[in-house]
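This is what each chain is made of:
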Amino acid sequence: MLIINDLSIHYKSKQGDNPVICHLSFQLQEGESLAILGPSGCGKSTLINALAGSLAAESGTMEFAARDQGYPLSPKQHKIGLIPQNCGLLPWKTVRENCLLPLKIRKEYHKNKHTQELNRLSKALNIQDILNKYPNELSGGQLQRSAIARAFLLEPDLLLMDEPFSALDEITRAEARELFLRVWKYQKPTTILVTHSIEEALYLGNILSVMDAQGGNIKYQKNNPYFGQLYPDHADYLTAKQILRQQLVTKEEGMDTFE
Amino acid sequence: MLIINDLSIHYKSKQGDNPVICHLSFQLQEGESLAILGPSGCGKSTLINALAGSLAAESGTMEFAARDQGYPLSPKQHKIGLIPQNCGLLPWKTVRENCLLPLKIRKEYHKNKHTQELNRLSKALNIQDILNKYPNELSGGQLQRSAIARAFLLEPDLLLMDEPFSALDEITRAEARELFLRVWKYQKPTTILVTHSIEEALYLGNILSVMDAQGGNIKYQKNNPYFGQLYPDHADYLTAKQILRQQLVTKEEGMDTFE
Amino acid sequence: KADNKSTNTNASTNAPKPSKEAASENVTNAPETTAAPSAKTVLRIGMMSSYDVIPYVMINELGLADKYNLDLQLEVFTSAKDRDAAFLAGELDGVLTDYIGVCIYQNADFDVKITGITDGDYVLVAGKSSGITSMNDIKGKSIAISQNTLIDYTLDQILAKNSMESDSVVKEIVPRIPDRVELLRNNKIDLGLLPEPFASIVLNDGAVYLGSANDIGLYPAVSAFTKKVLDEKSEAVRDLYLAYNEAVAYINKTDISSYEDIVIKTVGYPEEMKGQITIEPFRESKLPPREDVESAIAWASKKELCSSDLTYEQMVYDVYSK
Amino acid sequence: MIFVQGFLSINLIWLIAFLLTDTPVIPNPLRVYQSFAIVLKDHMLIHILYSLRRIGAGLAISLIIGVPAGILLAYSRRANRILYPLIYFSYPIPKTALLPIAMLLLGMRDGSKVVIMVLVIVFQVIVSVRDSIQAIDKTMYQFIKSTGAGNLAIIRHVTLPAILPQLLTSLRVSLGAAVSILFFVEGYGTTYGMGYYILDAWSRINYIEMYIGIITIAVIGFLLFVSIDYLAYRICKWSYTGSSL
Amino acid sequence: MIFVQGFLSINLIWLIAFLLTDTPVIPNPLRVYQSFAIVLKDHMLIHILYSLRRIGAGLAISLIIGVPAGILLAYSRRANRILYPLIYFSYPIPKTALLPIAMLLLGMRDGSKVVIMVLVIVFQVIVSVRDSIQAIDKTMYQFIKSTGAGNLAIIRHVTLPAILPQLLTSLRVSLGAAVSILFFVEGYGTTYGMGYYILDAWSRINYIEMYIGIITIAVIGFLLFVSIDYLAYRICKWSYTGSSL
Ligand SMILES: Nc1ncnc2c1ncn2[C@@H]1O[C@H](COP(=O)(O)OP(=O)(O)OP(=O)(O)O)[C@@H](O)[C@H]1O
Ligand SMILES: Nc1ncnc2c1ncn2[C@@H]1O[C@H](COP(=O)(O)OP(=O)(O)OP(=O)(O)O)[C@@H](O)[C@H]1O
Ligand SMILES: [Mg+2]
Ligand SMILES: [Mg+2]
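Residue numbers (the numbering used here), protein chains in the order written: chain A, 24 to 282; chain B, 24 to 282; chain C, 5 to 326; chain D, 1036 to 1280; chain E, 1036 to 1280.
What the hints contain is simulated information worked out from the structure, not anything from laboratory work. All of these numbers come straight from a predicted model, not from anything done at the bench. Just so you know, not all the hints are guaranteed correct.
Below, computed lysine to aspartate or glutamate pairings styled on EDC-like, alpha-carbon distance capped at 16 Å [to be verified]:
#, chain 1, residue 1, chain 2, residue 2
1, E, K1272, A, E120
2, E, K1272, D, D1172
3, E, K1272, A, E160
4, C, K232, D, D1057
5, C, K175, D, D1235
Partner residues aside, some chain A positions facing chain E, computed with beta carbon under 8 Å [what the hints assert, rightly or not]:
#, residue
6, T69
7, N72
8, A75
9, A79
10, A80
11, G83
12, L105
13, N109
14, G111
15, I128
Which bits of chain E does chain C cover? Going by a derived footprint, with three or more residues having C-beta under 8 Å, they are [claimed, not checked]:
#, region
16, 1126 to 1138
17, 1218 to 1230
18, 1233 to 1247
Note that CB positions come from ideal geometry on N, CA and C, so glycine has one too.
Construct all of the structure, not just a fragment, from the sequences and the given hints.
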């Protein structure tokens, strides 16, 4: 179970403090998948980075319990799988080395098992041919697929995905979504998925939430009955989509600024 | 008019030559908007970079005529607006400086006119508040919107957009698409748009094409009757989407690799 | 002990070996060595490669060091500052230096005593194309010297002997002697006050001889040891001077051809000068005359290099006194 | 503040060394500072100004030659073919051994001094400019090329800002080298400059004055270093932003 | 090939200089090469080995001290508070002026020689390691932190690879400095080493031998430089890929 309590995150810069997330609190049961939508620049990546331990919080607590490991949430204690928005592959390691790095750092690397597993994943993501290439030789979508393979290979307890499928073509994206669902069903990691696609959120999140444009709070949260269902012809599905879209519209800016 | 003739592009690396585009030829009339779809890693960004003059072609010619300027296509001769896949903002310049840089380099900068124009664009893209920030202080979507503003500000003859809206939430994306249509209708730049969204291609391209997974050739090309129409309830629209999706599926990999 | 071989100046193998018997014949006072022959006393002497060094090298070459049961290590330095640094650091027992050097040591509370004299001349020369032919022409001309050294002192003495002030020539500081030679040869400077072998080199080249330290009876170079070493190894130091005198006797009596290669290598004459080198007779080691030392103290104290209270007795030490 | 800290810690080390050893080589720091006042009348300021002028000239000329040479070497294949072997061959030559040549060609005054200094520093600048250009991420050039920027515009807008941090590092390192070499070139043909001051004191075995000279150089160097840091902070503003990690 | 080119171009410059001036300071290069054979019997190889050993020891110790110190300085706020002023204060001190102290503590053999060399080089290494770490893109750390990597793992997987290109640059620059300083430290307490060889020839006004020594140093330095370049090419493979621009 993930418990975020009164979390505040600022960016310090010369022009002064920039408070991005103010007093955010929410909970997520173990093994649930939360899809977060939100206007660009609202603080989704900031939240993901804070959960991943790469950004220090101003105040507040983040607690996580899985497989009887204790809180507070910490990358040292817990197995966190991260797909950052910029993919975050280290340029001096090949894709294969990048994928195995988290395992090696956690000293959980078993040659046989993980070679096999990586092969399976890279086949599913169609990146077998680029495993020995360096990141600067890859296309945007190839980078993203490598980051996905790396996160899934770790079999994490907490899976954080920041727009993981944004640079993929529709076919590859559909395959990657299926892959995620299979991984999720099998390993049941507690998941937070940041996405800009409402359809994707409805397909991959069993809880949906929308982040506020200012203050980084969750302004809408709902269980999702359409989780895992592709193109349901339920009439309510379109309504749900419409509601989410409306939640994304912020007061200040709307179609009317188009003048 | 843009004429690509027998274009081949290789990446040289230690493991040997990697031919990405082989003998590609196509033409685009002046003022048309070509939407390119294609599987991830097929060579779309490579083509865009070659057209933008930042990647040398192995062989073949690229010619462009607009406003009576002569060929061959060259960034020195022609005004090329580029939105690279990684946004390509220089980290040591603020967003404002980045936006004005192409104008200053082309010695076309008029303080009054362009300040006003940039204000209009940044209002439409909702980036007024970040104009004085440096790129490393921005979110993914903010970076992308800055790159869009920069390209549109230049009023280019040839507009090259590599997945320009991929990191934007649905509302912002819709606004940005509208902005593009308005810019396009007003300035009529010859446009090439790379996108992974079939809907986006149908909305923003008056010609649609799909790139082959291997060899970087255009395997499907068609005029688009639905250009500029949002959610047409034409039955043929769904068929057109279906056809494009089928074109994207490559032989080797399909749903069946999901085992 | 193993590395003394690398620092002892050894004659090259193709040089004719000076006969040891010849040297032994001159021995009048057999050394009264009390230490066992196996325990040789180590004496480390720092020096700059120059003419004064010849007798010291010959001590090793003639086997006199063994005879006196000495392990004489001659350390050659390329700069006086490095030599002084090593001396102060206790890496050396003694040095070949000069009056002014000892004044400076004394001023730094570093108790160094003059224990003997060494021989070397400093020749005032004028550049070939400087137009200077005699001492009368040198007023206002430039000369390359080092500052606060015996060269500086000797120059002032020569000038005084010719009734000129110290500032009647323009003194340019050039620390390395080879550079002074080069400036002189290329007419960038008018005068030089040079030791051997540089004096011979420029004179061969057409430079004009104007005078020398020895001409005016000045022999400012000395050998010196720290008081500490003199107290601890007094016998060894005395033996060294006995050996020195024997080497000097050998040099003065023997034709230069039998040890010319050693001289060339030690002093650094160019190979081309082989056969033209002349050796002035060396003097036996003794304490320097009181007037000379006191005159040097007076000069040094005027330059604020030492206090004027320094006395002859503080400066010298008679190794034969004990 | 930082200054005081560094100053005190060095002096502490010095004092301990003084107490542990007992030779004139390491004098009592307190005695050195006592003598400071007496020595200040030795035209210390003039010495400092002379040295600063030489360092300034040496650094400026090295940058003026080294930065364009480094850029040329990194970008032009032809220049690289000609200059690369020349530079790699001349770099290891001990420049101080060229003193006789420098003296004969340029005299014993500031000409030869600055030339020797430049010969020592300019290669460091060239090598580090070239290396840092080669380390620039290639994607940095993609956009600027599409604007039709010429070589000069690319250098101005991409190359120079990208290598600026490393250039400042190189400036720091060169400053250190310039101070060292001062010590060599002020040994001849001058009676002014901090190098002369220290060498003169050393040759007189006046370790008190020698340490006064060393401390003065250290203080000046420290101030120059801190100015470079401040400069870096001002110029490379962008790299200090968004660094909450 | 490169070697031959550099060699020839230097010699061409030299020959022109010889023809233009007429002083023994610039001898005829042809005469120098003629004398090479005669001089080789002067145990040149031993001289080279002695110098290489000193350079090797100096560089190795400087890296062993400098890299961790630079890393500490860049990452630890506390270490920075203590070391920053100390380093900025000691860097400009002319290290050669510390020779008396070095000799006092370590004698006049290789101990003091290597220490002086290390004192000169180690600050360059520290400063450039610190600066290059500060220039690392902050986003590089984001992923590795999420894996729960400790400080050592971060240094191993992110810091060291990221600064490696600059570290090699720093090694090149330091190599140049080490060769220069050789020339100073081999002036005392030894009769072997290239520095001694050149100084000895210089003091005997034997310019032929002096130039033979200088050329030998240049050739050795060149070879070391090329090895570093080759090393860079092998180790930093990733930065040479995808560079079709
Ligand atoms: N390193 C940084 N320094 C300062 N401000 C930052 C930094 N990173 C992000 N910001 C600011 O914080 C806010 C939130 O950024 P964040 O990246 O979390 O947005 P996001 O929700 O992920 O947006 P997007 O959907 O565009 O990726 C933005 O306004 C951004 O300008
Ligand atoms: N710098 C490079 N060096 C070597 N190979 C490269 C380089 N950049 C791209 N490639 C390879 O060229 C192919 C085409 O890359 P490109 O970036 O054009 O793909 P793309 O169509 O834009 O894909 P995506 O939709 O994922 O962005 C890929 O297989 C990629 O691995
Ligand atoms: Mg984001
Ligand atoms: Mg792409």
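Structure-based check of each hint:
no.: 1; hint: E:K1272 / A:E120; result: holds (14 Å)
no.: 2; hint: E:K1272 / D:D1172; result: holds (14 Å)
no.: 3; hint: E:K1272 / A:E160; result: holds (12 Å)
no.: 4; hint: C:K232 / D:D1057; result: holds (15 Å)
no.: 5; hint: C:K175 / D:D1235; result: holds (15 Å)
no.: 6; hint: T69; result: violated (11 Å)
no.: 7; hint: N72; result: holds (6 Å)
no.: 8; hint: A75; result: holds (4 Å)
no.: 9; hint: A79; result: violated (10 Å)
no.: 10; hint: A80; result: violated (14 Å)
no.: 11; hint: G83; result: violated (19 Å)
no.: 12; hint: L105; result: holds (4 Å)
no.: 13; hint: N109; result: holds (6 Å)
no.: 14; hint: G111; result: holds (4 Å)
no.: 15; hint: I128; result: holds (5 Å)
no.: 16; hint: 1126 to 1138; result: holds (count 3)
no.: 17; hint: 1218 to 1230; result: holds (count 6)
no.: 18; hint: 1233 to 1247; result: holds (count 7)
In summary, the structure is inconsistent with hints 6, 9, 10 and 11 from the numbered list given earlier, while agreeing with the others.
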